[in-house]
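**Student:** One letter stands for each residue in the lines below.
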Amino acid sequence: MKKKTDHFSWWMYALYALILAAVMLLCICVGSVNIPLKNTLTVMWNTLWGLELPQGVSKNIILKVRLPRVMNVALVGACLSLCGAAMQGLLRNPLADGTTLGVSSGASLGAVIALAFGVALPGMENAGTVGMAIVFAFLSLLLILSLSYVLDRSMSTHSIILIGVIFSMFTSSAMNLIITFAQEQVKSIVFWTMGSLSGTHYRHSLLLAAGLLVCGGIIFGHARELNAFAVGEDNARHIGVNVIKVKLTILIAVSVLIGICVSVSGTIGFVGLVMPHMTRMVVGPNHKRLLVSSVFSGAVFLMLADLAARTLLSPVELSIGVVTSLVGAVAFIIIFYRTRKAG
Amino acid sequence: MSKKIVSLFLVLLMCIGMCNAAIAQDAAVSVTDMYGREIVLDEPAKRIIAMTPADCEILCAIGCEDLLVARGEYCDYPESILALPSLTTGGNLNVEEILALEPQVILMGDMNQSAEQVQQLEDNGVKVVVSQSTDIEGVYTAIRMISALVGKTDAGEQVIADMQNTFTAISELCEKSDKTIYFEVMPLEWGLWTAGAQTFMHELAHVCGMENAFADLIDWQPISQEQVIERDPDYIVLVTGMGETAADEVLSRDGWEDMKAVQNKLVFNADSYAMTRPGPRLAQSAIDLYEFLYNTEFVEAAE
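Quick note, the sequences are listed as chains A and B, same order.
So that you can map any letter, position 141 of the first sequence is 141 in this note's numbering, and since no number is skipped, the others follow by simple counting.
So that you can map any letter, position 62 of the second sequence is 62 in this note's numbering, and since no number is skipped, the others follow by simple counting.
Quick caveat, the hints were computed from the structure, so don't treat them as lab data.
From a predicted model like this one, the values you see are computed outputs, not experimental measurements.
Keep in mind that a hint or two might mislead.
[As the list claims (entries may be wrong)] Okay, derived cross-link-like pairs now, DSSO-like style, lysine-lysine, Cα gap no bigger than 27 angstroms in a straight line:
#1 B:Lys265 x A:Lys64
#2 B:Lys260 x A:Lys38
#3 A:Lys64 x B:Lys260
#4 A:Lys64 x B:Lys179
Work out the full structure, taking the sequences as your base and the hints as a guide.
**Tutor:** Shown next as structure tokens:
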């Protein structure tokens, strides 16, 4: 790999796209129900070109159950992984991601409040949950940042992480309190917090894609500043980065993305924390490469994890979180070991 | 000679003594709970706490509602027991609160209360009795166990006989068919769960002469949506407790529109509390299920 240019050359992007497409196809073709490959391809090809579908083909399973799920899984994986990469760079902390910063738990708290008090917005089903998750991700971020600002004017990374952890504990207590009092909706809340992507629709994909496009675009636009942050906050300040403004912009973009992800899938751990690390081991720490690569690796990883969850014990379906933690931990150790050995 | 008479007299006395002892022992109660633990009481229990809704319903069905001193938080049937103090269950078990109520026996399910908590209760003289049934035979065992605990075995047998009679009456009305029922225990929104073999829901399907669409699974299991669409059951029975709109939600699911049950609108939003609890109301659940499946009223045959 050439180290001279910051960006990948076009063929690297082509390779990523190819891998992504291949994994996506695999995930659509393989599932809990065995559908012949030829049928799957026919359904997809014919739908793509608006052709008549042959009779007796399980088009509903492919088009209305599997495809939206695979797309949502890929998008959630991409978003979480990107958020993790951005935060780890920004805060120069290998343990930073949506969970440690308290944004995920803030979003969960928002969604739980929406469920417990029946907050609903007109127009879209579950819009209340999505809206509240995003709003609370925002609010928790504002709270964390202003608290860190009050305590430490330079908003050093340590104070942000520390307050994030404290905030996570606070929100989990608040959630428990709500669950205790909201007896009637208790079932709904408890199961919601476990997270599931099994009943997601195309409209969720639209939401996720829009979020990834806008917030991802903003984060990509700050790749240069992230590189500066990775060296050190003082370094960033010295080379003319408006530290607080950039921090705020990136953290807001991240919190919106995490809010959307949490409202669609509940909390899925491990992806945001581990995928950026694994990606960094392969492509290096330059954010111009790392951010893009993290999007792809997150998507591919979560799709494969979901594939395993759907098929390993078929017809029984595993929880995706179980698979991400299991597979992720093992893969992480292997890659870590190899890079150490090679280095 | 007189010696013989004396010894005979002594033997007689001993016999009477033994009889007396036997009578005295009659008051003592010994049952084996559903974890296989031996529980011995000096007399039938007078102060009982039932933590699971099913055990609560069993106690009330054998006419022992007045023995209940408190109930688990989810116990809500019959309505009159709502007046009793409600206790947190599972991992949130409040040992102090329970001890303050001075129960002799506490009936618990196989939940995530810790062994330490159970030990604490037992150390303080409260007998912990585990009731854990997943099939109808298990319900009968639980009824026998609970009625023995309170010394009302006859009432227990009566409840069991009533249940058996209902199941038999329904079975006799139904011709065996290979139509399938899919039980939805958890809604799509949280990830589907269904009932497999060795569950009372599976048995209810059989009582009504039908097959469980997921008979190849054992116990309650999470399943993928694709499997439900692929197996294309004839009937969908919801025990998700999602309110009145649950059936409409199923009918409007993406990708489910070509399924037989959806096309024919054969989706039954069952009384989820009755059908998910291993208790006497399973008989009523069977009647409800029968009436839905055959679209006819259940009339008990005259003796």
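**Student:** Give me the numbers of the hints this structure contradicts, sorted from smallest to largest.
**Tutor:** Violated hints: none; all satisfied.
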